[in-house]
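K.L.:
Take the sequences, apply the hints, and build the full model.
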Amino acid sequence: MQTYDRDIILNKITRALNVILKAIVIVIFIFPFYWMVSTSLKDLTEALQFPPTLIPSSFHWENFTHVFEVVPIAQYFKNSVIVSITVLVLQYLIIVPAAYSLSRHEYRGKKLFFGLVLLGQMIPQQITFLPVYFMFSRMKLLGTLIPLIIPFISNPFGIFMLRQYFMQIPQEVIEAAKLDDASNMKIMFKVMMPMAKPALVTIGLLSFISTWNNYFWPLIMTSSETLRTLPVGVAALKSSETLQMWNIIMAGNVVLVLPILIVYIVASKKIRNSFTYSGIK
Amino acid sequence: MGTIQLKNVKKQFDKDVVIENLNLDIEDGSFTVLVGPSGCGKSTTLRMITGLDDPTEGDIYIDGQKVNDVTPGKRDIAMVFQNYALYPTMTVRQNIAFGLENKKVPKEERDRRVKEICEIVGLTEYLDRKPSKLSGGQRQRVALARAMVKQPKVFLMDEPLSNLDAKLRAQMRVELIELHKKLGTTFVYVTHDQTEAMSMADTIVLMKDGYIVQQSSPRELYNNPNSVYAAQFIGTPQMNVLRDALPDGKMLGFRPEKLSFREMEAPHITLRVQVATKEMLGSEIIYSLNSKYGTLMAKTDYEIGGGAEADIYVPFSSMYLFGQDEKRIELDDTAREQIKSVFAE
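Going line by line, the protein sequences match chains U and P.
FYI, the numbering for the first sequence is 1 to 281, going by the working numbering.
FYI, the numbering for the second sequence is 1001 to 1345, going by the working numbering.
The hints are simulated quantities; they were obtained by calculation from the structure and are not laboratory data.
All figures in this text were calculated on a predicted structure; none of them were measured in a lab.
By construction, the Cβ of each residue, glycine as well, lies at the ideal position given by its N, Cα and C atoms.
Keep in mind that a hint or two might mislead.
Result set (DSS-like, lysine-lysine): computed pairs, CA atoms no more than 27 Å apart in a straight line [to be verified]:
no.	chain 1	residue 1	chain 2	residue 2
1	P	1074	U	178
2	P	1115	U	186
3	P	1133	U	186
4	U	110	P	1015
5	P	1292	U	190
6	P	1074	U	190
7	P	1130	U	190
8	P	1103	U	186
9	U	178	P	1167
10	P	1074	U	186
11	P	1007	U	111
12	P	1133	U	197
13	U	186	P	1153
14	P	1133	U	190
15	P	1115	P	1066
16	P	1107	U	178
17	P	1107	P	1133
18	P	1104	U	186
19	P	1107	P	1130
20	P	1258	P	1278
21	P	1107	U	186
22	U	178	P	1103
23	U	190	P	1103
24	P	1327	U	178
25	P	1181	P	1133
26	P	1107	U	190
27	P	1010	U	178
28	U	178	P	1278
29	P	1130	U	186
30	U	178	P	1258
31	U	190	P	1115
32	U	178	P	1153
33	P	1104	U	178
34	P	1130	U	178
35	U	197	P	1010
Far from chain U, by Cβ distances over 10 Å, these chain P residues were calculated [what the hints assert, rightly or not]:
no.	residue
36	1074
37	1078
38	1300
39	1318
P.N.:
Okay, structure coming up:
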């Protein structure tokens, strides 16, 4: 009887520990975001106050309007949206046919092409930015958003991932489509792409996040305010006349992070949905 | 008209010659079954007819027209795959209509034909389901419907029943035979299962190592095999072949169901055997018998205990004589005398 009681107690303790540990992990991940949001709603004095307050004593929503006044954040936001969406769309246009060809067609130099694609993944931006910069400069394109788009329309990781995914599609399904007189385009769009939906959503999500968050490249390639993207613009908040105004900087960061959070929440649901329907073995 | 001809076809994968020189004629409206062990080239032959594989040499004709350079989709054929190969992201309706859509059949006619076919194969209530929500038999029906809806000149099937359980397979076999009768279209069917071949075909093409061993009706193949290979491929248990009983390397064959434990009037030979094993199948019993010439199989309703010794009787009318090259030779009077004298000893 005693051992039985002890088991119940032990069981309860482990369960409690389990919950506590999970809570700690969640706090560690959530806290920076919470801190950002809470600071963005404080006035300057409270933001700099020590010891800091967890909950703002009063909510200063005007910080957000202030951000839009201090820097042209609406312009940055627009640029970020244009760049990220264009890159995303163009990437799909390049990745899907490339992956289809690399996974399902035989031709001379295929392995070499694939090797080159992978090589592209391995060379860091810091090595290529200078020649690319000069190239765009000579083409007189530096005053546009094009230098932020063109270098990213091929996504080696995306091609690699989608190729692997396409290779898992049973050959018979494609042969059946050929016997149904479907063109290559139709096989790609109507048969393979729907089957590769999880991969396409994942690639799109990763691509969007990486373009949206890209700081280094837009910093190098743009010099005028009107071409800056959000990460560059928000970073500029710190060095502008609003120096040390942490509540304003955090408000800028909220504007920066919010779209990604929304995209992530929407897309993660899609990813889960796409993974639950599976093909026929 | 759905005639198919293969003329001097050779197929090579890299350096591997799978088919050396194949000539095959398939009649319009026939139910032709290509049968043989795995690796004999039957699937390759089928794939060359579809156009999914190109012959290395030689020509392929469908309906009298050379189709070597015609893409699979334009050959006016339909294929049913072993694993069905349905489009998993499309509903049953979309799966069936996909081929018609590509052929630019107007929407109204498409809908009408899909509906018609689904009534025939009994899929009407599943039209809006995805294949993953169907049973194996239903998927098979979708695959069939997808082929039928195109109204092709030729139906090609690559082991379409091998993923089904035994009961469903037997049922689908009957349905396919009925379907063939109803449509009157040429069916070309690939299988390694001799029962399937025998029960469905009106013409069997028995293949081995990339060539055709024998092409004939099931009855003819059973009654008149042209070689040891053909004789032993059809029939379970396989034909008994005594390889070293006769002089000059000649071989003597007889089917397990044709030998008898009962004395007979007809001219025959007699063999002394001992019962090694006994398998009771209900209506008949399969015996494995030890004899002077090796193990023999027997299929009969005659009851005899295990280990017992007995005489078996084989009538001349059920004997097959094969030469040293394993090809069938005529069982003429001299041969009969020779056999008689050997077994009289």
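K.L.:
For each hint, tell me whether it holds in the structure or not.
P.N.:
Consistency of the hints with the structure:
no. : hint              : verdict
1   : 1074(P) / 178(U)  : 9 Å, holds
2   : 1115(P) / 186(U)  : 24 Å, holds
3   : 1133(P) / 186(U)  : 25 Å, holds
4   : 110(U) / 1015(P)  : 21 Å, holds
5   : 1292(P) / 190(U)  : 67 Å, violated
6   : 1074(P) / 190(U)  : 19 Å, holds
7   : 1130(P) / 190(U)  : 15 Å, holds
8   : 1103(P) / 186(U)  : 12 Å, holds
9   : 178(U) / 1167(P)  : 32 Å, violated
10  : 1074(P) / 186(U)  : 15 Å, holds
11  : 1007(P) / 111(U)  : 36 Å, violated
12  : 1133(P) / 197(U)  : 19 Å, holds
13  : 186(U) / 1153(P)  : 24 Å, holds
14  : 1133(P) / 190(U)  : 20 Å, holds
15  : 1115(P) / 1066(P) : 34 Å, violated
16  : 1107(P) / 178(U)  : 21 Å, holds
17  : 1107(P) / 1133(P) : 26 Å, holds
18  : 1104(P) / 186(U)  : 13 Å, holds
19  : 1107(P) / 1130(P) : 21 Å, holds
20  : 1258(P) / 1278(P) : 17 Å, holds
21  : 1107(P) / 186(U)  : 18 Å, holds
22  : 178(U) / 1103(P)  : 12 Å, holds
23  : 190(U) / 1103(P)  : 15 Å, holds
24  : 1327(P) / 178(U)  : 42 Å, violated
25  : 1181(P) / 1133(P) : 31 Å, violated
26  : 1107(P) / 190(U)  : 18 Å, holds
27  : 1010(P) / 178(U)  : 23 Å, holds
28  : 178(U) / 1278(P)  : 52 Å, violated
29  : 1130(P) / 186(U)  : 20 Å, holds
30  : 178(U) / 1258(P)  : 49 Å, violated
31  : 190(U) / 1115(P)  : 22 Å, holds
32  : 178(U) / 1153(P)  : 17 Å, holds
33  : 1104(P) / 178(U)  : 15 Å, holds
34  : 1130(P) / 178(U)  : 21 Å, holds
35  : 197(U) / 1010(P)  : 41 Å, violated
36  : 1074              : 6 Å, violated
37  : 1078              : 7 Å, violated
38  : 1300              : 44 Å, holds
39  : 1318              : 44 Å, holds
Figure legend: structure checked against the earlier numbered hints; hints not met, in rising order: 5, 9, 11, 15, 24, 25, 28, 30, 35, 36, 37.
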